[in-house]
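Trainee: Heads up: the protein sequence lines correspond to chains A and B, in order.
Every letter in the first sequence is one number past the one before it in my numbering, and letter 152, counting from 1, is 177.
Every letter in the second sequence is one number past the one before it in my numbering, and letter 22, counting from 1, is 90.
Note that these hints are calculated values from the structure, not bench results.
Note that the Cβ used here is the ideal one computed from N, Cα and C, for glycine as well.
Do not take every clue at face value.
To be verified - To spell it out: a stretch of chain B is covered by chain A in this simulated footprint if at least three of its residues, at any positions, have a beta carbon under 8 Å from a beta carbon of chain A; those stretches are:
{"hint": "1", "region": "97–111"}
{"hint": "2", "region": "125–132"}
{"hint": "3", "region": "140–152"}
{"hint": "4", "region": "237–251"}
{"hint": "5", "region": "294–304"}
Read off the chains here:
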Amino acid sequence: MSLFGQGIFEALRLLVTGDPEVWQITWLSLQISATATLLSLLIGVPLGALLALSRFPGRAVAVSLVNTGMGLPPVVVGLFVTILLWRNGALGFLELLYTPTAMIAGQLVIAAPIVTGLTLAAVQQVPEVFRLQMLGLGASRLQMIWVLLKEARLPMLAAVMAGFGGVISEVGASMMLGGNIKGSTRVLTTATVLETGKGNFDLAIALSVILLVITFLVNWALSWIQQRRRV
Amino acid sequence: MMARLLAGLWLAVSVGVPVAPAPALAQSNVVILSTTTSTQDSGLLDVLVPMFEKKSGLTVKTISVGTGQALALAARGEADVTLAHAPSVEKKYVEEGKMFNRRLVMYNDFVIIGPADDPAKIKGLPKAVDALKRIAESQSRFVSRGDKSGTHVLEQGLWKQAGIEPKGAWYIESGQGMGQTLGIANDRRAYALTDRGTYLAFQKRVDLPILVEKDRPLLNIYSVMEVNPANGPRVNVAGGKAFAEFVLAPETQAVIKDFGADKYCQPLFVPIAGKKDEDL
């Protein structure tokens with residue numbers, strides 16, 4: 026059997042037999058990335074809407090910054106946040122390094138600009154006339170933003186998918202911030218790196234397959250919501 | 069509504085993330101061990117760490133990186149105890165007072181592997197240094213870790229002894245772990261210096277035989293060191309000491325002695341607690 030075949034077979038075997046370590050790693054990956062995405066929505070949606078609707082000097086620079094942030098290299102984020110969280114670092118007193126919380130923090134920094142940028146684009150594509158009409162009909166500014174966000178919810182689901190996809194698949198920040206500690210901060214991507222280093226290629230492929238399946242299932246559910254109203 | 073259900077599900081997954089233990093109070097229960105990749109990749113720590121945690125009631129956070137980084141982290145007070153394998157670098161840190169109580173734990177050995185047709189004609193040479201000289205003279209491809217790991221430090225020491233500064237198209241620096249480096253060496257039909265444990269683990273996928281072995285400079289000696297609390301705030305001195313004592317204890321040394329015998333048909337490490345560098 027080819028190495029890929031072996032890996033896929035191994036993935037099925039691990040999932041079906043309910044290998045506790047693999048399940049724990051999978052569950053932790055989901056928890057960390059789902060939490061980071063959720064938090065990035067709480068920051069990114071208001072920020073993106075604000076940037077889309079307000080006009081102020083330096084707005085162009087702010088928008089460019091957000092767009093640059095959408096491509097932040099995870100290793101760079103990992104390195105900076107790690108240095109902040111070191112015992113010697115500015116936030117060392119929190120003693121968060123090598124914990125799932127630290128990984129969530131890193132992933133939040135990666136996902137927040139993605140969600141902000143895509144929200145910005147989604148809100149901006151709602152026609153200006155619609156906004157003016159609402160204000161003309163006596164809606165308050167907050168009411169208007171709420172309606173706009175509802176109107177833009179389909180493209181915003183794309184923001185959720187992009188944010189989640191960005192963080193569940195990244196390895197650089199998770200490795201540095203979590204330390205790939207067995208049973209505590211080992212996630213699918215870091216475990217894949219470890220097993221490759223150990224020469225356990227079939228297990229590494231199995232973990233990759235599980236990661237792909239999870240990402241697919243999450244995106245499939247989100248796409249389903251996004252697409253069904255279009256019919 | 070399906071959408072609400074999904075949003076609820078997402079929330080449910082998000083909550084209940086195992087968050088960090090409460091700061092300050094809990095810290096004395098956590099020991100940060102900075103160590104080299106080989107101790108983790110070989111699986112040895114997967115055996116030793118749970119043993120220690122059970123015995124001491126402490127939690128170990130193993131940060132497995134190259135020896136250079138493991139020592140640098142400890143010197144900044146970012147770890148409590150270090151298990152490394154680069155005696156020359158370790159002694160420097162001990163002299164500077166960053167680390168103390170350096171004690172030998174175990175050893176295994178390095179080997180030089182290469183293509184079976186052996187273009188540099190090094191097979192069976194008793195001295196590793198002579199082998200490297202011939203590789204350089206014949207400009208045969210050699211893959212180096214190039215990452216300041218214990219293996220890389222030893223390799224650099226050998227080049228220095230040979231009076232050669234390796235550079236040129238034949239000298240490839242991978243910048244990666246031992247496993248990946250073996251893969252590159254295999255692909256390029258090149259020579260490489262590797263620890264025997266990783267080589268055994270990759271035997272099935274690496275078609276390069278051992279050409280030089282059993283030379284004294286090829287000994288791969290692992291030591292444990294405690295971290296000077298002056299290096300930074302929050303160094304867990306007692307925890308680091310407890311782990312160091314644990315790896316040197318007779319029961320642990322007995323476990324190290326047998327480790328790997330079932331999987332590779334030969335033990336991967338020889339325990340040497342109590343010995344000194346000069347004894348080997």
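Trainee: Compare the structure with each hint and give your call.
Mentor: Verification of the hints:
no. : hint    : verdict
1   : 97–111  : holds (count 5)
2   : 125–132 : holds (count 4)
3   : 140–152 : holds (count 3)
4   : 237–251 : holds (count 4)
5   : 294–304 : holds (count 4)
No hint from the list above goes unmet by this structure.
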